[in-house]
Structures are given as C-alpha cells and as structure tokens.
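Throw the hints in and build the complete structure from the sequences for me.
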Amino acid sequence: MATTDPPIRLRRPLAARVATSLRPALWVGPAVALIVVVVLWPVIVLVHSSLQNIAADGYVVGGAGGRNFSTLWHEPALKGVVLRTVIWVVAVVGVTLLLSLALAQLFHQRFPLRRLARTALIAPWAASVMMTALIFRWALDPNVGAVNIILHALGLMHRLGSNQSDWLGRPGWALVWMMVVAIFVSLPFTTYALLSGLQTIPGEVYEAARVDGAGRWHCYRTITLPLLRPAILVATTINVINVFNSFPIIWEMTRGGPGYETSTTTTFMYILKQSFIGEAAAMSVVNFALVIVVVLFFLKVTRWKEQVT
Amino acid sequence: MSAVSSPSLPASASADEPTAVSGSPRRPLTPRTFGLSVLAYGIAILFLLPYLEMVITALRPNRQLLAANLIPDHITFHNFTTIWQTGFGGNLIESLLIAGGATVIVLFVSIPAAYYTARHRFRGRALFLLLVLATQMFQPAAMLVGIQREFTTFNLPPTLSLILVNGGFNLAFAVWILNAYFSSIPAELEEASMIDGSGRLGALTRITLPLAAPGIVTALIFTFIAAWNEFIVALTLSLGQASNHQPLTVAINNYIGEYSIDWGHLFAGAVIATIPVILLFAIIEGRVVSGLTAGSIK
Chain F
1 MATTDPPIRL
11 RRPLAARVAT
21 SLRPALWVGP
31 AVALIVVVVL
41 WPVIVLVHSS
51 LQNIAADGYV
61 VGGAGGRNFS
71 TLWHEPALKG
81 VVLRTVIWVV
91 AVVGVTLLLS
101 LALAQLFHQR
111 FPLRRLARTA
121 LIAPWAASVM
131 MTALIFRWAL
141 DPNVGAVNII
151 LHALGLMHRL
161 GSNQSDWLGR
171 PGWALVWMMV
181 VAIFVSLPFT
191 TYALLSGLQT
201 IPGEVYEAAR
211 VDGAGRWHCY
221 RTITLPLLRP
231 AILVATTINV
241 INVFNSFPII
251 WEMTRGGPGY
261 ETSTTTTFMY
271 ILKQSFIGEA
281 AAMSVVNFAL
291 VIVVVLFFLK
301 VTRWKEQVT
Chain X
1 MSAVSSPSLP
11 ASASADEPTA
21 VSGSPRRPLT
31 PRTFGLSVLA
41 YGIAILFLLP
51 YLEMVITALR
61 PNRQLLAANL
71 IPDHITFHNF
81 TTIWQTGFGG
91 NLIESLLIAG
101 GATVIVLFVS
111 IPAAYYTARH
121 RFRGRALFLL
131 LVLATQMFQP
141 AAMLVGIQRE
151 FTTFNLPPTL
161 SLILVNGGFN
171 LAFAVWILNA
181 YFSSIPAELE
191 EASMIDGSGR
201 LGALTRITLP
211 LAAPGIVTAL
221 IFTFIAAWNE
231 FIVALTLSLG
241 QASNHQPLTV
251 AINNYIGEYS
261 IDWGHLFAGA
271 VIATIPVILL
281 FAIIEGRVVS
291 GLTAGSIK
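Listed in order, the protein sequences are those of chains F and X.
If you count by our numbering, then the first sequence holds residues 1 to 309, one letter each, in order.
If you count by our numbering, then the second sequence holds residues 1 to 298, one letter each, in order.
No wet-lab data here; the hints were simulated from the structure.
Misleading hints may appear alongside valid ones.
To be verified - Pairwise CB distance ranges (calculated):
#	chain 1	residue 1	chain 2	residue 2	range
1	F	I223	X	G89	54 to 62 Å
2	X	L48	F	P226	29 to 37 Å
3	F	L106	X	Q241	40 to 48 Å
4	X	I71	F	V82	42 to 50 Å
5	X	V55	F	G213	49 to 57 Å
6	X	L48	F	G161	24 to 32 Å
7	F	V95	X	L97	33 to 41 Å
8	X	P72	F	R229	47 to 55 Å
9	X	Q241	F	R216	55 to 63 Å
10	F	V95	X	L280	24 to 32 Å
11	F	P226	X	G89	51 to 59 Å
12	X	A282	F	Q109	15 to 23 Å
13	F	W41	X	G89	32 to 40 Å
14	X	S260	F	G94	32 to 40 Å
Unchecked claim - Sample of chain X residues facing chain F (criterion: CB under 8 Å; computed from the structure):
#	residue
15	Y41
16	A44
17	M54
18	Q139
19	M143
20	V145
21	G146
22	G167
23	G168
24	F169
25	I232
26	N253
27	V289
28	T293
For glycine and all other residues, C-beta sits at the position ideal for the given N, C-alpha and C.
As structure tokens, this is what we get:
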C-alpha cells in the first residue's frame, strides 16, 4: 500500500494541473483568438504597410522606409485636413455634451409617458449613420430639400435653387451641416449616459441643499455637475472616438470635397487609399496613434483596475 | 456596485420604470409638468422627423421628387414594389447573413469567455479583461488599410470576411455586458443544481443562461444592429462583388450615381433597412449604456 500510494498522488495532481492550466484556454481562448486575428493583427499589417511601397492594385513594389510619411507630411492638403479634424471633433463633441446635459435634465423630470418620449430619442442611435446622413443630404437639396422649403416659407431664403440654398456646395456651410448631423446622431447615447449618471444621484442630496437655501442653478453647479463627472468623462471619451472615426456622414454628404475641403483625417485616408495605399497606411498609423491616446484615457476614466480585479 | 446588481433586477430597471406612470395619484398635472411634457414631446418628435421624411420620400411618386412641397399630393408604394428588380433582395439576404453570422459567432465565443472570467480567477484574467476593455474602443475606420490587406491575404469570400470583422469588433461589448450579468448570478444557485444531479454544463444551461437572458438578448441585438449598420468595412471588402451580393449599406450607397441619384429607391431601401432596427433597439435601450461605458456608469 505504501508503495502504490505515492505514484497515484503524483499522477493525479499532474493531470489535474495540466487540465487546470488548459481550462481557461478552452473557455477564453476563442475570444482571444478572434480579437487577435480581427482587431490586433490588422494593426501590425497597417504599420507594416506604412513602411512599404505599394502599387494602387495592392502589389508590394518594395520597402519605402519613411517615404510614405514624408510624402504625407508634404501633402499640400494635410494642414487643412488636420485643422478641420480638430475643429470637427472639438465642436461636435462639445456641442453634443452641452445639448445632452440639457436634454438629460429635461428627460430626468417626471412627466406622463416619459418612457415613450425617451424611447423616441434612440432613433438616430439605432439607425445606420449613413442613412441619417443621406436623409440630411436630401433635406438640403437646393431645389426641393425640406430644410430649404421651410426656410423659404419663413422668408429666410430668397429663392430655391439658388447659390444660397446650395448648402453642401459651399465647403464652410457643408461642414456646419455635417456637424449638425454628427451632433444629432451623438445626442442619444450621450443623453442616455448622462441620464444614467443622474439616476445615481440620491434625491436627499438636493433636499439637504434646499434646506440650506440653495437655488436651482446653484444646486446644479455645486451638486449635479460634480456628481455627473464620471458620466461626462466616459461619454465624452467615447464620443471623441466615434466622431474622430466618423466616415459615413462626410462620405455620404460631400465625399470630402470639393477637393479635400470638407475632409477629416479619416476620409482623407480613405481617399488616399484608392490610389496611394502606402501613404494611406501612413495616415492611418497617425490616426491609430491618436486613437491609442484616447483609449488610454478611456481606461483611466473607467478605472479599469478596479473593474478587472 | 456592478453594472447589474442582481439577476432579478436587470440594469434596465434602473433607467426609470415606476416613476414614469402617468396620472399617478401623487402627482397631479401642474402647469410646470404640462410645460415640461410639451417640450419633451416636441423634442422627441424632432428626433423622429428625419426618419419621417425618409418614409415620406420613399412613398413619393417619382414625378413628385422634383416638387418643392413637404407632403406629396398622393403617395405610392411603387418604390417598394420595384426595388426588388434592382437586386435589393440579394442585398437584404447578404446583410442578414453577415449580421446573423456575426451575432452567432459573438454569442458562441463571448458566452464561455464571459462566464469563465466571471466564475474563476486564473492567470491572465486581468490581462484578458484589459484586452477586451481596450479593444472595445477600437473601430475599423482607423485600421482600414490593415483590415483590407489582411483579408486580401486570407482570400476568403467577402461574406465570411465581413462576418469575422463584425464579430471581432463587437465581441468586446458582448463579453463585458455578459461578464457583468454572470457575476451578478450567485454561484450557489449553480452549485445547488449540481448537487441535484445535473453537471456543470447542465447547471449552466438550465440555471445561469436563463437568468442572464436579458444580457444575452442585449448582446445579441446590439451585435446584430452594429453589423447590419456597418458601412466602411462593407464598402471596402465587398468591392468588386456583384452589386446584388453586396450588403445593404453598400447597396443603398450604390443608388448614388455619378450624375443622378435614385432617391426613390434609395429611401425605400433605407426604410426597409432602418425601421426594423430602430424597433429592435427600443427593446434593449435601457441596458446598452452600462455595457458601452464598461459599467463605469449604471
């Protein structure tokens, strides 16, 4: 008995140990594999492509060193595109946040059929952004667009089919209207995130302040806004990523033109990709680097360490 | 507090619920409430107006597309009956395959991963969750060149490529929200069931999965809609496909010709592609936020 015992004891833990170490791989492995192949590997291919000389048909001619990046750097349109991207992101995310704060406050109040009214807000969130962009392109048609018909009826537009009614034909106005669409589709998620934030604030906090004689606006600034901070930070970070990566709005409304005059770095990359793949990859690498910065900020504001442990 | 505090109290319950009951005896309709309601309903309608315009345009007789009026003289379903001759049926099937395939992959891959991470501490667990959290913020647009070149090398049929890409990019949301649901279900419930004679897998399928159903439905619908609506990868990977085998978003984009736009069919297609997903999304709206914000706000 004494001689048969040890081997059994040895064999069991070994087999068990192997099984235990393999079990996580069995359950979690497929998820890791899918993320690695679909989400992470393209990043490596992307960086690799940015260092290669690639013909328009995708054929690799040879190494390019840093030439794609220097070509991109000397691209005459680049400065305007980058500047426009900054304005695009800051204006869209900023206005979205301000409007969402107001909307969240309104839809946080109690009124009959609140749930139904809230549900109506989700439409631009659920619908494909490209469809929403196309609806606005149609509504801005110089001759028969609903926006122009209404402006004309109000006396704010002299004549349909005029230069004045051709909003998307003028780069400045086109950009403004595309921002309107970007804000419109960003509002539902932001408002919902802020509504969730408002829900976490206990009502007693306000009662205490009111006893102290604090006014409505004072309460909002000193209680609501500070307590909403986590929700504001997370929603803003997610919006920055979404708005920065936004392709369908600009693509469907102006194709980034005339020239590159309504392009952001994302649509600029897409246009480059059609003939200069290496340079497009270089633009993408820059875009991706910016995304990484935002992701790091996202991890910070979601307090990832607390969440994963 | 986790995103989901208890299985009997799904996250959506926190969105509002009993407070919204109309005509509640405690709260008579004051002028203030009335004003708030009118303003809120007005804004709600404003959010729906563009989609109403989409429906109206789809129902416009083609001659009336050039008429400068908000409401056409009469309506016709002509665009909805003739759109099938443009190959739209094939586009619909293609999008159903892609969105359905991506959803199936996401569910089969995310449920085991989310369940195991919720129930066990193992080496690499934190790293895995960090990977999920970080990649949740990745979007295809910024790495499009990489995706295109990688999948050109794989040389798979475009449908399969799009299933994989959509599955991969939506996996993080599903893992995160399911992890929160599984964590909220007490392990004792499973153990009790295992004592009653069912194995671990039996306990999982008979106890845990039904309790996590709201989370699973949310992940399912969210993935389906995201894949259904996806545009930039679809546009890139279905390039060179026969037009009636391209996904819906690409097909609708194809109604924009070089010199003219077929607005009638474009919006008929948009109605068919959009209205069902808005209704589907309404089912899960309350539960989506906590998943997207990684549970940092409930």
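Hints versus structure:
1. F:I223 with X:G89: 54 to 62 Å: 56 Å, holds
2. X:L48 with F:P226: 29 to 37 Å: 34 Å, holds
3. F:L106 with X:Q241: 40 to 48 Å: 46 Å, holds
4. X:I71 with F:V82: 42 to 50 Å: 44 Å, holds
5. X:V55 with F:G213: 49 to 57 Å: This hint holds: roughly 52 Å between Cβ atoms.
6. X:L48 with F:G161: 24 to 32 Å: 28 Å, holds
7. F:V95 with X:L97: 33 to 41 Å: Holds - the Cβ-Cβ distance for V95 (chain F) and L97 (chain X), about 38 Å, lies within 33 to 41 Å.
8. X:P72 with F:R229: 47 to 55 Å: 49 Å, holds
9. X:Q241 with F:R216: 55 to 63 Å: 58 Å, holds
10. F:V95 with X:L280: 24 to 32 Å: 29 Å, holds
11. F:P226 with X:G89: 51 to 59 Å: With Cβ atoms ~55 Å apart, the hint holds.
12. X:A282 with F:Q109: 15 to 23 Å: 21 Å, holds
13. F:W41 with X:G89: 32 to 40 Å: 35 Å, holds
14. X:S260 with F:G94: 32 to 40 Å: Roughly 38 Å apart at Cβ, these two residues keep to the hinted range, so it holds.
15. Y41: 6 Å, holds
16. A44: 4 Å, holds
17. M54: 5 Å, holds
18. Q139: Q139 (chain X) check passes; min Cβ-Cβ to chain F is 4 Å, inside 8 Å.
19. M143: With a minimum Cβ separation of about 5 Å from chain F (threshold 8 Å), the hint on M143 (chain X) holds.
20. V145: Where the cut-off is 8 Å and the nearest Cβ of chain F is about 4 Å from V145 (chain X), the hint holds.
21. G146: 3 Å, holds
22. G167: Holds, about 6 Å.
23. G168: Interface hint status for G168 (chain X): holds (3 Å vs cutoff 8 Å).
24. F169: Holds: closest Cβ of chain F sits about 6 Å from F169 (chain X), inside 8 Å.
25. I232: 5 Å, holds
26. N253: 7 Å, holds
27. V289: 5 Å, holds
28. T293: T293 (chain X) check passes; min Cβ-Cβ to chain F is 5 Å, inside 8 Å.
Hint compliance for this structure: every hint is met.
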